[in-house]
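Asker: Each protein sequence line maps, in turn, to chains V and D. The first sequence lines up with residues 1 to 553 when you count with full-length UniProt numbering. The second sequence lines up with residues 1 to 553 when you count with full-length UniProt numbering.
The set of hints was computed from the structure by calculation and includes no laboratory data. Treat the hints with caution; some may be incorrect.
It does not matter which identical chain is used: a pair holds within one copy or between any two.
Mimicking BS3-like on lysine-lysine, the simulated pairs with C-alpha atoms at most 27 Å apart in a straight line are [claimed, not checked]:
no.: 1; residue 1: 210; residue 2: 475
no.: 2; residue 1: 210; residue 2: 479
no.: 3; residue 1: 344; residue 2: 454
no.: 4; residue 1: 163; residue 2: 148
Source: prediction; values computed, not measured.
2 protein chains.
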Amino acid sequence: MDSKPPPAVLTIAGSDCGGGAGIQADLKAFTAFGCYGTSVITALTAQNTQGVQGVHPTPPEFLEQQLTSVLVDIEIRGMKTGMLYDAEHTRRIARTLRAHYGDVSKVPPLVVDPVAVSTSGHVLLHEDAVSVMIEELFPLATLITPNKPEAELLLSRKGASVKIETLEDMIAASEKLLAFGSKAVLVKGGHVSLTMADVHRISAAHPEVKIVPESFLDENMEILQVNQEDLASRQLVVDVLREGEKVTLFVSPRIESSSTHGTGCTLSAVIASALAKGESVVEATRQATIYTHVGIETAFPVGRGHGPLNHMHNLLPRLVPPPTASNPHPLTRILIQSSRETWKAYVEHDFVKQLARGTLPRECFLHFVKQDYLYLKYYARAYGLLVAKSSTYSSIQTATQTIVNVINEVATHKTFCAQWGISEEELTATPESPSTTAYGAYLLDIGLQGDSAKLIMALAACLLGYGEVGLWLKKEASKPDSWVKLDGNVYLRWIEDYSGEHYQSAVKLGIETIETLAAADPPNALRFQEWCAIWEKCTRLEKGFWDMALNLL
Amino acid sequence: MDSKPPPAVLTIAGSDCGGGAGIQADLKAFTAFGCYGTSVITALTAQNTQGVQGVHPTPPEFLEQQLTSVLVDIEIRGMKTGMLYDAEHTRRIARTLRAHYGDVSKVPPLVVDPVAVSTSGHVLLHEDAVSVMIEELFPLATLITPNKPEAELLLSRKGASVKIETLEDMIAASEKLLAFGSKAVLVKGGHVSLTMADVHRISAAHPEVKIVPESFLDENMEILQVNQEDLASRQLVVDVLREGEKVTLFVSPRIESSSTHGTGCTLSAVIASALAKGESVVEATRQATIYTHVGIETAFPVGRGHGPLNHMHNLLPRLVPPPTASNPHPLTRILIQSSRETWKAYVEHDFVKQLARGTLPRECFLHFVKQDYLYLKYYARAYGLLVAKSSTYSSIQTATQTIVNVINEVATHKTFCAQWGISEEELTATPESPSTTAYGAYLLDIGLQGDSAKLIMALAACLLGYGEVGLWLKKEASKPDSWVKLDGNVYLRWIEDYSGEHYQSAVKLGIETIETLAAADPPNALRFQEWCAIWEKCTRLEKGFWDMALNLL
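Assemble the whole structure, with the sequences as input and the hints as a guide.
Answerer: So, in C-alpha cells, the structure goes:
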C-alpha cells in the first residue's frame with residue numbers, strides 16, 4: 001500500500017473465535033493500517049457477540065515459546081498487549097521481552113491495553129496479575145490505555161479508592177497512572193459522559209492543554225455544523241492523553257451504538273501500527289480514535305449481540321493489480337480481457353485477413369487509406385488536446401512527438417496514394433464516412449469531457465490494435481504453410497510497417513504510458529468502469545472503421 | 001467495500017504466531033477480500049518463517065465449544081478448514097457441523113484444505129486423522145484442495161500406491177479423489193513441473209477440458225508477450241479443478257520465490273471468501289489463484305526463512321472516509337483541514353471584518369464589487385465548461401441553473417451599483433485587476449485541463465467560502481456586545497445575502513455535490529492530492545481577491 005514495506009507489528013492477547021475482538025480484531029486492524037500482523041495467543045476464548053462462553057489459557061511455557069518464535073525471526077516495529085490472563089502469563093511476557101531486547105530502551109513501541117473485564121462482564125485478567133502488569137510490563141510501555149473502570153482498578157493498587165467521574169478526575173488519574181512507569185497514558189473516556197462545557201472549563205483553567213476536536217467540533221466550519229443549536233448539550237467522548245506534563249484531549253461526539261465489541265482492542269492495535277510507522281504518540285492516538293470512531297459508525301450487522309466495529313472502512317479494493325514480473329502490464333491485459341470479443345473482432349477482422357492473403361479488393365484498401373487520412377487529422381487534434389491537458393513538460397513533449405509522427409505518417413500516406421493514382425486534392429476532397437466522423441469526433445469529445453487519463457485510454461485502442469494486428473500477422477506468416485501470403489502481396493508494406501520495429505516501439509511506449517498511469521493513480525470502481533467503457537467503445541469504432549472499408553460505406 | 005454487508009466466513013485451522021499461515025493468513029485474506037473473518041483454532045503453533053518450533057493442540061471439547069460459539073451466533077456464508085491436528089479433532093468438527101446444520105445440503109460452501117505436512121516438513125495432521133477427514137469431512141465439502149503429496153497420501157488410503165508426476169496423473173487423481181464425496185476437487189500443481197506442451201497435449205486429447213490461462217499465456221495479446229521465444233520452455237503451474245465430468249485447468253507461469261509460506265492456506269481462504277460472495281467454484285478458484293500468485297510476486301521481506309506472501313496487494317487506503325452520521329461531510333472537512341491557515345485567512349479576512357464593523361472604506365467595497373462583476377463572467381463560463389463536461393441530464397441541469405443564478409446575481413450587482421452611482425458602462429469598462437484575471441483564468445484552465453470533478457473542486461472554494469463568511473458573521477453578531485455591527489451598517493444587505501437562507505441552500509447543494517462525488521468515486525492518492533491542491537489554490541486566490549479590494553490594486 002505504501003512504497004515502504006509494511007512494518008511488522010505484534011499483538012499478545014486472547015483469541016476471539018467470533019472475530020470481533022482479541023488477536024482477530026488486532027490482525028484486521030493491522031492489515032487495514034497496512035502493517036504485517038503477528039500474534040501471540042495468551043488464551044483461547046469461546047466467544048461471540050453475546051458473551052464469553054469459555055476460556056482455555058495457553059500453557060505459560062507455550063506462550064513463551066510463541067513469543068520467542070516471533071521475536072527471534074521477525075523484526076517487530078510495534079507491539080500491543082491485550083488480555084493477559086493471569087500473573088504467570090503476564091510475568092512470562094514481560095521477562096521474555098526484557099530478555100530478548102536486553103535494555104528497556106531497545107523495546108519497540110509497546111501499547112499496553114490493561115484489559116481486565118469484557119464488555120459482557122467476563123473477567124479476563126486474574127486479580128493477581130494486576131500487580132505484575134503494573135510492576136513488570138508498564139515500565140516497558142510507550143503507552144497504556146485504560147478505560148475508566150481499568151484506571152480505577154489500577155489506581156486502587158495504590159491503596160486509595162479512586163472514582164473517576166469528571167474530566168478533571170480523568171486528567172488527575174492520568175498523572176497518577178503515569179507514575180507506574182509507562183512513557184504515556186491514555187485514559188479513555190467511553191464510560192464518562194461529558195459536554196463541551198467540560199472541555200471549555202478545562203481550557204479556561206489550563207490553557208496549555210491541547211484540544212484535538214474531531215467531527216463537527218472543529219473550527220472555521222460553520223457551514224458543516226448541521227446541529228448548531230444542540231452543540232452545547234451534545235454528549236461527548238473525551239480521551240485524555242498524557243506524556244509527562246503535556247496533556248492532549250481528543251474530543252469527539254458520543255455515538256449510540258451496540259456495535260462496540262472490540263473497540264479497545266482495535267484502538268490499541270491501531271496506535272501500535274501508527275507508532276510502528278513512526279508517528280508520534282499524539283498523531284497515532286488521533287488516527288486510532290478516528291479509525292475506531294468511523295468503524296463503529298459504519299458497522300454492519302454480525303451476530304445477535306454486541307456486534308464488532310467495521311475494520312474495513314478505510315480500505316478500497318485495488319482493481320488493477322500492481323505490475324509484477326510475470327504480469328508487467330496488468331491494465332492493458334484487463335482492458336483487452338474486458339472487451340475480449342470486440343477486441344478479437346477488431347484485430348482479426350476480415351479486412352485484415354483479406355489483406356494478409358493479398359485478396360483484399362484494391363478499392364477497399366484505397367477507401368480505407370483515404371478515410372484513414374481524414375481520421376488522422378482528428379487523431380492529431382486529439383493529441384493537441386492532450387498537450388493542453390498535460391501538467392509536465394515531459395508529457396507535453398511525448399504528446400507533441402506523436403503529433404509530429406502523425407504528420408510524417410500522413411506524408412507517407414500521400415506518397416503512397418500518389419503511387420496508386422490518387423492526388424492530394426482527391427484525398428482532401430474525399431467525403432468523410434460516418435464511421436470516420438464517429439471515431440474522430442468521439443476522441444475529441446472524450447478530450448473535452450474528461451481528464452488526460454481518459455483521453456489517453458481513448459487514444460490507446462488505435463495504437464495498440466494496429467500493433468497487435470502487425471505482430472499477429474507476422475506470427476501467422478512464420479508458421480509452415482501459413483494462410484498469410486507475404487511473397488508478392490501487394491499490401492506487404494502495410495504488414496511490414498505495423499509489425500516493424502519502429503511502430504512496435506511506439507506500441508511499447510503506449511503500453512508503458514497507460515500502465516504508468518494506472519500504477520501512479522490506481523482507478524477506483526467508477527473511473528475503472530469509465531476506462532473500460534472508453535476502451536471498448538474505441539475498439540468497436542475501430543472494428544466499424546474496417547467494416548466501412550470492406551463494405552465501401 | 002461493497003454496498004452489500006460483508007459475508008461472514010469461518011476458518012477452522014491452526015494458529016501461526018508468525019502471521020504468515022494458519023488462521024492469521026486466513027483472516028488477512030478474508031479481510032483483503034472484503035469478508036468478515038471468524039476463526040476456530042484447532043491448535044496453537046510456535047512457528048515462524050524458519051519452521052514449526054512447537055504445537056499445542058486445543059482440547060477437543062474446547063475446539064467444539066469455539067465452533068459452537070461461532071455457529072449459534074453468526075450466519076456463516078463460507079468456511080474452510082486447514083490444519084486439523086488429529087482424528088478426534090477432525091471428528092468433532094465434522095460432527096458439530098452436521099449437528100448444527102442438520103442436513104448436508106444446508107452446510108454453507110466448505111473448502112477443505114487437507115493440510116498434512118508443513119512446507120518445512122512438520123507433521124500437522126496425525127496419521128489416524130486422514131481416514132476421519134475422508135469419511136466424515138469430505139462429504140460435507142464443496143471443494144477439497146490437495147497438493148501433489150496430499151493427493152498421493154489421500155489416494156494411498158484406497159490401497160494403491162499412486163504417484164502423480166504428469167498432468168494426466170493429476171487429472172486421473174482428481175477423478176479418484178472426487179469419489180471421496182466432495183462436490184469438487186482442486187489438485188494443486190505447485191509440486192509438478194509442466195510446460196505448455198503438456199497443456200496442448202491435454203487439449204488435443206480432451207477438447208472438452210477448459211483452459212484458463214493467466215498472465216502472458218492469454219490470447220490476442222501478442223503485444224504483451226515479451227518473452228515470446230521462451231514461452232515453449234517456460235515452467236508452468238497447472239491447477240486441475242474437477243466438478244463431476246467438468247475439468248478446468250488454471251495455467252500460470254511458475255514463479256521462483258521463497259515467499260510462499262501460507263500459500264495453501266491463503267488459496268483456500270480466498271476460495272471460501274469468493275464462494276461466500278456467491279461466485280461459482282471455477283470463478284472462485286480463478287480469483288484465488290490470481291490473488292495468491294500476485295501475493296507471492298509482491299511479497300515483502302518478513303523473517304529469515306520462507307517469508308509469507310503479501311496479503312494486502314489488492315487493497316488501497318481509502319483517503320476520504322465514508323460519510324457517517326457524526327461526520328456527514330468528510331471531504332469538505334478534509335479540504336478545509338488541509339488548507340486550514342489559508343482558509344482562515346480567507347474567511348476571516350480584514351476586508352470581511354471591516355465590512356462587518358461597517359468601517360470598510362466605500363472605495364474598497366466598490367472596487368470589490370466591480371472586480372466581482374468581472375470575475376463572475378469567468379465563473380459563469382466555467383460552469384458552461386462544466387455543462388460541456390457533464391454526462392447526465394441531471395448534472396447538465398444543475399450546472400445550467402448555476403449559470404442562471406449568476407446572471408441574476410449580476411443583475412443585482414448592476415442595480416446595487418446604480419444606487420452607488422456606478423453605471424453599467426463604468427462596470428463593463430472597469431480594467432480587470434490581475435487578481436481577478438488570475439482567479440478567473442485559473443478556473444477556466446482547470447476546466448480545460450481536468451475532468452468535471454476537478455472543475456467542481458475549483459468552483460467550490462468561492463461558493464463555500466462566502467457561505468462560511470455569512471454564517472460566521474451571523475454567529476458573531478448574535479453574541480452579546482458583538483464586534484459585528486448590523487444596525488446602520490451600510491453593508492448590512494451583503495451580510496444578510498450571504499448568511500441568508502437562499503445563499504445557504506446553494507452552499508448546502510454545493511457541499512452535497514462534492515461529497516457525492518467523493519463517495520461515488522473515492523480518490524486515490526494522486527487525485528486526492530490534486531483536489532486538495534486545487535482547493536488550496538482557489539482559497540489562496542479568494543484571499544488575494546480581498547487583498548486586492550482592500551489595497552485597491
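Asker: All the hints need checking, so say for each whether the structure fits it.
Answerer: Comparing the hints with the structure gives:
In this homomeric assembly, residue 210 and residue 475 come within 27 Å of each other (Cα to Cα) only across copies, at 25 Å, whereas the closest approach inside a single copy is 70 Å. Proximity of residue 210 to residue 479 under the C-alpha cut-off of 27 Å is restricted to the inter-copy arrangement: shortest distance 25 Å between copies versus 76 Å within a copy. Taking the closest pair of Cα atoms, residue 344 and residue 454 come within 27 Å of each other only inside a single copy of the chain (22 Å); across copies the shortest separation is 35 Å, beyond that limit. Only within a single protomer do residue 163 and residue 148 lie at most 27 Å apart by alpha-carbon distance; the minimum there is 9 Å, versus 63 Å between protomers.
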